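Peer 1: Listed here are the chains, written in short residue letters.
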Amino acid sequence: MSTHTHDDHHHPVDADAPLGYYEVMETAVRDLLIGKELIGPEEIRRQIEVLDSRTPALGAQVVVKAWLDPKFRARLLTDGRAACEELGISFYDDTRLIVLENTDKVHNLIVCTLCSCYPRPILGLPPDWYKLKPYRARAVIEPRAVLAEFGTHIPDDVEIRVSDSTAMVRYLVLPLRPEGTEAYSEAQLAALVTRDTMIGVVQATIP
Amino acid sequence: MSAVVPSREPSSPRIIRAEGEQPLFAPGDRVRITVRFPVGHYRVPIYLRGRTGSVEKVIEPVGIDNEEEGFGRNAGTKRHYYRVAIPLSELWPGYAGSYRDALHVEIFETWLERN
Amino acid sequence: MTDTSTLLNRLANDIGGVQAGPIEQIEHQLEPWEKRCHALADVLDFHKIINTEEKRRGVESLGEVAMGKLTYYERWIAAFANILFQKAILTPTELARQMDLVAARSTGGEVRSNDPAVRSE
Chain A
221 MSTHTHDDHH HPVDADAPLG YYEVMETAVR DLLIGKELIG PEEIRRQIEV
271 LDSRTPALGA QVVVKAWLDP KFRARLLTDG RAACEELGIS FYDDTRLIVL
321 ENTDKVHNLI VCTLCSCYPR PILGLPPDWY KLKPYRARAV IEPRAVLAEF
371 GTHIPDDVEI RVSDSTAMVR YLVLPLRPEG TEAYSEAQLA ALVTRDTMIG
421 VVQATIP
Chain B
550 MSAVVPSREP SSPRIIRAEG EQPLFAPGDR VRITVRFPVG HYRVPIYLRG
600 RTGSVEKVIE PVGIDNEEEG FGRNAGTKRH YYRVAIPLSE LWPGYAGSYR
650 DALHVEIFET WLERN
Chain C
4 MTDTSTLLNR LANDIGGVQA GPIEQIEHQL EPWEKRCHAL ADVLDFHKII
54 NTEEKRRGVE SLGEVAMGKL TYYERWIAAF ANILFQKAIL TPTELARQMD
104 LVAARSTGGE VRSNDPAVRS E
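Chains as they are written, first to last, in my numbering: chain A, 221 to 427; chain B, 550 to 664; chain C, 4 to 124.
If you're looking for bench data, these hints aren't it; they were derived computationally from the structure.
None of these values were measured; they are calculated from a predicted model.
Where is the CB? At the ideal position from N, CA and C, for every residue including glycine.
It cannot be assumed that every hint is accurate.
Result set (EDC-like, lysine to aspartate or glutamate): computed pairs, CA atoms no more than 16 Å apart in a straight line [stated by the list, open to error]: (1) A:K285 with A:D376; (2) C:K58 with A:D314; (3) A:K325 with A:D376; (4) A:K351 with C:E30.
Here chain B is said to cover these stretches of chain C; the calculated rule only asks that three of the stretch's residues, wherever they fall, bring their Cβ under 8 Å from a Cβ of chain B [stated by the list, open to error]: (5) 14-24; (6) 53-63.
Okay, chain A solo, but in the shape it has when bound (with noise of 0.2 Å):
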């Protein structure tokens, strides 16, 4: 079993202590639908393995292949489930996805007031802020105060666009490529394209 350090809503966990109540919970869950014969015996596992494969270095292909490739941008433009389709990344549910284009004029960041909608197909799972109050309550109402927290400020001339997601629709914002970087091989953009820059609280810059 791991360990922890930080504290907030999670104990340091002990090999031998007792499982917690909700781990004891999960288990006798998932133990009964097994038995039941509602899902398979190796599904979660099955699952878990498809949860590890996805970080955001999936979607630092995508946005590497978009600054690369005019052609590929406009497909990802116009239906980004299916330019992701193209480059192999498989979507096991039943989102959909526009991506946000930021550009001189338009600066896209992304939240989810109701829950924490996020497209984890391409991204993994979102980080605990994302999903916690103050970044969910702040972000519709005053995001130029919350980029500035991340260290992001975007000039007055330029919109801010907030997408809540509250349906189905998943978002990934395609930053801007950083200038000075026309000679970059793939993997030097891609190291760009952090998973902060695909939420829109930062923009890519070169270290």
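Position chains B and C relative to chain A; hints supplied.
Peer 2: Using the frame of chain A, we list chains B and C on its own:
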């Protein structure tokens, strides 16, 4: 009705669309988010009720009402969701950012009225 | 007469635009059971045993107090239990008994249950 005269041009058969297939709104339309207060579950945040905005995009294909889906309806009449744009300066009194800043959100057809 | 309708009309998770403090940029690695819980949600949705919207509604149904005190995945598993009961897929007694068995397995046989059916000798 006049007698049917065979035409030289092939004519496409006239179809009748199913309920909900035709979008009620088009990009550019001004729409108002209905003021309605469901008991319990909803997916249209309260901060949006009664607000007006413009349709940015008609989301295709049609989809199930996500509020009904929350009670287990995995099927039923499908309608369109619309991506609606609302300036933040209109959404929040005294908004301190740029007048250009906007919110975009997907709203199910049954929550929208023509403005 | 007090108007309590807000309790029914405003969901505790509907927080867009409310006052809130600074964003602590915390992240944590999921504990194994949390990851299994997330995978369970995906599998349940895939089979439409519990779809994602049902899960959301189920979390809301926990009510404001529980939503505030339970962590993210604790809310999910609690919601799943309730929804499975509603759908008569599981019964509360069935789940309680299985939870006792699981707890007993994890501590090597010590059963802390009052149910005579599962009390060990």
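Peer 1: Which numbered hints are broken by the structure, listed smallest first?
Peer 2: 1
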